[in-house]
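Now that you have both chains on their own, put them together as the hints suggest.
Quick mapping for you: the protein sequence lines, in order, are chains A and B. Following the working numbering, the numbering of the first sequence begins with 2 at its first residue and continues without gaps. Following the working numbering, the numbering of the second sequence begins with 335 at its first residue and continues without gaps.
Incorrect hints may have been included.
Said to hold, decoys possible - Partial list, derived from the structure: chain A residues whose beta carbon lies under 8 angstroms from chain B:
no., residue
1, Ser365
2, Lys372
3, Leu374
4, Gly466
5, Thr475
Hint data in this document are derived by calculation from the structure and do not stem from the laboratory. Every value quoted in this text rests on a predicted model; they were computed, and no experiment measured them. Backbone N, C-alpha and C fix where the C-beta goes; we use that ideal spot for every residue, glycine too.
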Amino acid sequence: MFDVVVIGAGVVGCAVARELSRYDVSVCVVERCEDVCCGTSKANSAIVHAGFDAASGSLMAKLNVLGNKMMDQLSKELDFPFVRNGSLVVCTDPDGLSGLQELYDRGVANGVEGLRIVDDKEAHDIEPNLEDTVCGALYAPTGGIVCPFNLTIALAENACVNGVEFKLNTEVLEILKLENGYNVVTNNGEIQTKCVVNAAGVYADKFHNMVSNKQIKITARRGEYCLLDHMSGEHVSKTIFALPTKLGKGVLVSPTVHGNLIIGPTAVDIEDKEGINTTRQGLDDLVQKAGMTVKNLPMRQVITSFAGLRAHEEGHEFIIGEVPDAPNFFDCAGIESPGLSAAPAIGVMVADILKEKLSLKQKSDFTATRKGLINPQNMTLEERNELIRKQPAYGNIICRCESVSEGEIIEAIHRPVGARSLDGVKRRTRAGMGRCQAGFCSPRTMEIIHRELGIDMEDITKSGGKSYLVSGRTK
Amino acid sequence: MKSVEIVIIGGGPAGLAAAASAKKAGCNSILILERDKELGGILNQCIHNGFGLHTFKEELTGPEYAGRFIDSVEELGIEYMLDTMVMDISDTKIITAMNRVDGMFQIQAKAVVLAMGCRERARGALNIPGYRPAGIYSAGTAQRLVNMEGYMPGKEVVILGSGDIGLIMARRMTLEGARVKVVAELMPYSGGLKRNIVQCLDDYGIPLKLSHTVVDIRGRERLTGITLAQVDSTGKPIPGTQEDYDCDTLLLSVGLIPENELSRGMGVEIDRVTNGPVVNESLETSITGVFACGNVLHVHDLVDYVSEEAGKAGKNAAKYVSNELAQSSKPVRIEACEGARYSVPRTVDIDRMEDNLTVRFRVGTTYKDAYISVYYDDTRILHRKRPVMAPGEMEQVILQKDKLKEYPDLKQITIKIEQE
Chain A
2 MFDVVVIGAG VVGCAVAREL SRYDVSVCVV ERCEDVCCGT SKANSAIVHA
52 GFDAASGSLM AKLNVLGNKM MDQLSKELDF PFVRNGSLVV CTDPDGLSGL
102 QELYDRGVAN GVEGLRIVDD KEAHDIEPNL EDTVCGALYA PTGGIVCPFN
152 LTIALAENAC VNGVEFKLNT EVLEILKLEN GYNVVTNNGE IQTKCVVNAA
202 GVYADKFHNM VSNKQIKITA RRGEYCLLDH MSGEHVSKTI FALPTKLGKG
252 VLVSPTVHGN LIIGPTAVDI EDKEGINTTR QGLDDLVQKA GMTVKNLPMR
302 QVITSFAGLR AHEEGHEFII GEVPDAPNFF DCAGIESPGL SAAPAIGVMV
352 ADILKEKLSL KQKSDFTATR KGLINPQNMT LEERNELIRK QPAYGNIICR
402 CESVSEGEII EAIHRPVGAR SLDGVKRRTR AGMGRCQAGF CSPRTMEIIH
452 RELGIDMEDI TKSGGKSYLV SGRTK
Chain B
335 MKSVEIVIIG GGPAGLAAAA SAKKAGCNSI LILERDKELG GILNQCIHNG
385 FGLHTFKEEL TGPEYAGRFI DSVEELGIEY MLDTMVMDIS DTKIITAMNR
435 VDGMFQIQAK AVVLAMGCRE RARGALNIPG YRPAGIYSAG TAQRLVNMEG
485 YMPGKEVVIL GSGDIGLIMA RRMTLEGARV KVVAELMPYS GGLKRNIVQC
535 LDDYGIPLKL SHTVVDIRGR ERLTGITLAQ VDSTGKPIPG TQEDYDCDTL
585 LLSVGLIPEN ELSRGMGVEI DRVTNGPVVN ESLETSITGV FACGNVLHVH
635 DLVDYVSEEA GKAGKNAAKY VSNELAQSSK PVRIEACEGA RYSVPRTVDI
685 DRMEDNLTVR FRVGTTYKDA YISVYYDDTR ILHRKRPVMA PGEMEQVILQ
735 KDKLKEYPDL KQITIKIEQE
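Chain B on its own, in the form it takes in the complex (with noise of 0.2 angstroms):
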């Protein structure tokens, strides 16, 4: 069986940082498998600009983004595979893929960075009652029907969910000559950016109508038409509210599930708010020597973020191999409650980690001049006022380890949204 140091799965901008990042600490060993015919992952049909702003100060777009880090896994030499699908990995590390040319095979891995990414939740998931006629999509198939394989799904739009990829496939449509009527959140908040809904829905006049959904489909082969309803501060429609909608496509954009069928399968631990690994500060998950980073660790708002944790899951992965990166003793608890839904990482071990440790999470609902606390035990050692908090974008607090050195018999790191 042939060993490589490091596996990465997946060659997505959170597989390509890995692997850079892990060739710059000193790994010769690496190799990235990537079931697709391209590296660069879900930004190679996300055609759209705005990527990169904090990472290289300027809008890319997806493919120029993706580009940068091709280029550079390029010039490093790193070696990856094609069209290559993972099909198990086992907890002794061993890698069973399978592709055209090479059949199925095996890699014995010493060190693995998971960065599988995310899918879209589908319909299903919502148990939205209807038919189920042709013309529903999620907006990510959409995207690459439009982009990658250039045909249009539809021509009457209605668009379910105000996550990224929906917003973003409201203009796209829009501007293909589709005419998108109307994107319903179930939310009373959007679940995307703020400069996307400025920049996708508002510029073009397409009606955002939070507290809404989706409560009846019809159409026997093609989409007819979609029935909106109102809902109530529980979810659930309220009668009388009903507008019905003739559209022939439905678009999708209502959540993202990080895809840890494979993490799942090797017996990582995954955490029930994020759907994905639970991570120490190194980024490691419950099994020694793998890693994980990118969507497929905990949905992100800016693939800037993913880049910057992938560097740093790769670079863990290359102290790992080389038996740099001591072994975790005490690792404190970092708890999220009280509006802060998860952290990721969940444990910092202060000998560990470095002089910086960013701990990012999300909000439960939308805030206003409200405060990100962290608490070191009883102790508030943070407390910063946010002028807008909103479910759609990540959140963070970064630990320094000298301060936590001050407090050596800590148990817990708590992270809360205060109102004052």
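Bound conformation, chain A alone (with noise of 0.2 angstroms):
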């Protein structure tokens, strides 16, 4: 029997279960994906958001503020990127300017340091690509940009090192109560626990109703998003969001911490919480209003779009505790932006309530740091040849467009919840990101895969499920 079982390993999941390792507590993560960062973590906008949004006493601006501040720290302890590069809402509607005062006094009120509003030349200065009608701005200097992939398998993976298990590929069926607990019920067997963490992102009502009679109701909300090539990246270097107007809800464009340009979501409700299919209209929407703040986006440089699902609650709050009629149960629901900026600090709160209620103790032995893959990008030319001189691999370049070698996808399949998917190995070394879309490197890519983990090139997947890649030998 487990003490806690964590449903779902997206950031929140696996920032719980980083949380709890550091007492002396069993954890077991479900997922029912194959890899950790597989829902809403893997396709958002990779924001860290400064805190000015939310309203004033919600749990949402108390826990994006105080995520926002452990990031710092937090990329330093667990090795990944993270920037803080400063955001600016800009008003492109001179009678709206009084929208940019309304969210500085929401910010300052939820403790957002450093913000100051701008006026339009001085936000032409610091972005020189704004569009010309671009009247003003508001500068939050401790927005920033983190890589959701990093950041999640960090978490994911020193929690493993910390004697969290992970169950992939593990949907939960069924929650039953039992006299002290909970019996999960999953296509890969039962797992008795004292208590749950509802971390399912839009499926945290699913389970949240299977232990309470007081319902709720996520919704998926879809955001679409276009990726631009390196050599877009410096088209801007502070995450641009639009004020809203009378015309809508606008999108973001940002650098990302890879050096890629990103922008959107779109923001559509949408029934199929497996609707993460992009559209004609939402596609043909970002490139429109991404123009609308952002001037000669060089939308030619597209190398990729995506969509994601934000797990929308009507409250639009977060819902974090102790599920009234359900003991032990325990929800993360309606995480939905700013999850991610939150995220670090939603595993503390989760795991200070378990501590109280499982009156939990330190462990001697917790280990705080995790190393991150080797980036042989990072090194000098003395440092590099030293790798390769013990580790061959490490000289051969498997993923031409983002440079990445042998040695770090070998790396990269042998950690602590490594990679078995082509999508597995491009979210930790970023193989296959690049502006060939994976053209070149798929299938030397599977054949590593084949050879580490000895699966069979026609049982390699994109990404788990039956999401194979070849159908079979040739005649």
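Right, dumping it as structure tokens:
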């Protein structure tokens, strides 16, 4: 019997698991996909919000600001890319400037530091590619960008090293109340546990409603994005948000920590919780809306587009804590934006609740730090040569676009909670993430997975399930 | 740091021909850097025949064609390194490369020949909406899987784009037992060679739908189907023309992009139309002593022309390192317009050119019984009727040194397509 089962290995589930792993407690994370970071956590704006958006006094506001503040330290401890590049909310309607003041006031009330309203001239000085119609902006120096894959994977790896068990390809079918806990029925066996943490993203309502009479409803709110090539990454240096106008809500334009440019998201509520498809209308909207705040967007440099689903709850507030009519069942529900920013703080909050509940004791042997994959691109020539002498695979480039070596791919496969699919390798190493979108490296990465894990080529998948890459041998 | 007179980036057909030609022109210090495990480049996966009709007057397969040049490079004793990735080239021609054995190392070159080839345009660049399942491959990736790795990407296939690799793969997949349901092409004409449409589609009863594109992709894990729609003259889907196809594989053959990341990194000027370096009559880029040839310069239709062009680049590189290539003094601009999309080269220096200079270009749309015209300033000096011209096939004109000399004050050479 586990002390805690966490449903969902997204950024929230992994943050909770990692924080819990500080304590002497048995934790199991169950995830229906073949890897961590496969739902909402993998397809979002990759933004660490400053925290002026959420209503003052809300849990959302509190955890956003807290999560933002934690990010520097966490990125050092767990070695994932995080850059405090600052953000600008730009206003393109002279009649709407009061909206900036509102955001400013709310941000100050929320405890966001360093906020400043800047005029059109300063806004354009900061960001020369802003559209000429931009007439003012709210500058938030604490805004940041992060790699959501690396953040989530780092949390998972660190949790794993500290004793958390990860059950992947494990879908929760039923949750039955026991006298002193729950029986979590999965497609992969039954798991008994004292406590359940529900971090199931868009499916958090499904699991909540299995144990509680007070039903909740999570709506999948689809957001579509375009990602542009490195060549465009310096088009803006800050994250550019649009102040909502009469014409509606805009989209953001931001550099990513890996030097790409991201544009998005749209916001459309949909019925299908698996509806991660992009749409013609959505993609067209994006281009049009992004162009309202940033000029000369090099849309010819789009290398991929994708959609993610935000777990929207009607009250637009995080639902975190023990479910009143289901003791020992803890929700992390309605975690939509700024969920990524808040995740580290959510992890601490939930761990604190469970610590009280289960009277948990700190572990003496907790390892707080995690070293990321070796990144030869950050090495000097000498260091790199030393590495290649010891491990020649680091001298063999597999992904040309992102300069990822065989050594990095092998490492990604053999790390704790390692990669087993093309997308798993991609999220950990960036192999296949570049401008050719895995055209050159797919067959070679498949061979490495085949060799390292002994998986038949026919059984290697893009992203688990039935996402097989080849149908069989040639004649 | 090791010094080499001519470093050739890429050991595909362009690099091989450039190397052989440089050697024959007298250069004894040549190094080819190749990222793959063997020389030959993309030809190694092109196991169909039809290569070399111009060069060797016979029909060879891709590996056979490459083999002849590899043999030549071997016989000439030209040095090459395999499994070696060039990471960076500086504007002072210092090449940083890496492999498993030597680690990361630098070479000072006197001249550089860029011969990196091209890559395929991916789904993302087209921004096709829908899901992102497994089973969507660029045609060249599928070709590698089938011909080199021995695996079938899938069984029920739709191909978007009628570029040559897509057409070749339609036949290849069919021969391997897959069912190719349709080839859809956005443009009202095919982007591939006429002979490939006949031999790869018509002969197998595979329909080619012109002015059609994929407007939706279905399947959350593996591809389950796509939707095609007809497009209007601006490329926009026409409502009501959608047709659903069940398939597990979508191959994309929607264009090739010269791989000029290294060229850009060293500061070489890139042409906006070809996506390749801007070159002069010597196939020299905006950086003196840096030459370009093959698909990295502009995407070719036939490898024969790649070999021919690369031969010139190699020869000029050899002349450059032995200081026999005169400084360019008076370049005349070659302007492609009115139907001619670009020209390679973009300038000609009459003092530097050989007796004849082949200028290659492509047309922007299909033409019947139209004329290729060349003007020296306002004087039309060539007016050649062509029964058919299409964007899928390269066109050429030959400029003669003798003729050019008659125009000492020439400002511009113009190439255009005229109806009469």
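Each hint tested on the structure:
With its C-beta approaching chain B no nearer than about 42 angstroms, Ser365(A) sits outside the 8 angstroms limit, and its interface hint is violated. The closest approach between the C-beta of Lys372(A) and any C-beta of chain B is roughly 22 angstroms, which is over the 8 angstroms cut-off, so the hint fails. With a cut of 8 angstroms, the hint placing Leu374(A) at the interface with chain B is violated, because the nearest CB-to-CB distance is about 18 angstroms. Checking Gly466(A) against chain B: minimum C-beta separation of about 4 angstroms stays under 8 angstroms; hint holds.
Nearest Cβ of chain B to the Cβ of Thr475(A): about 5 angstroms, under the 8 angstroms cut. The hint holds.
Figure legend: structure checked against the earlier numbered hints; hints not met, in rising order: 1, 2 and 3.
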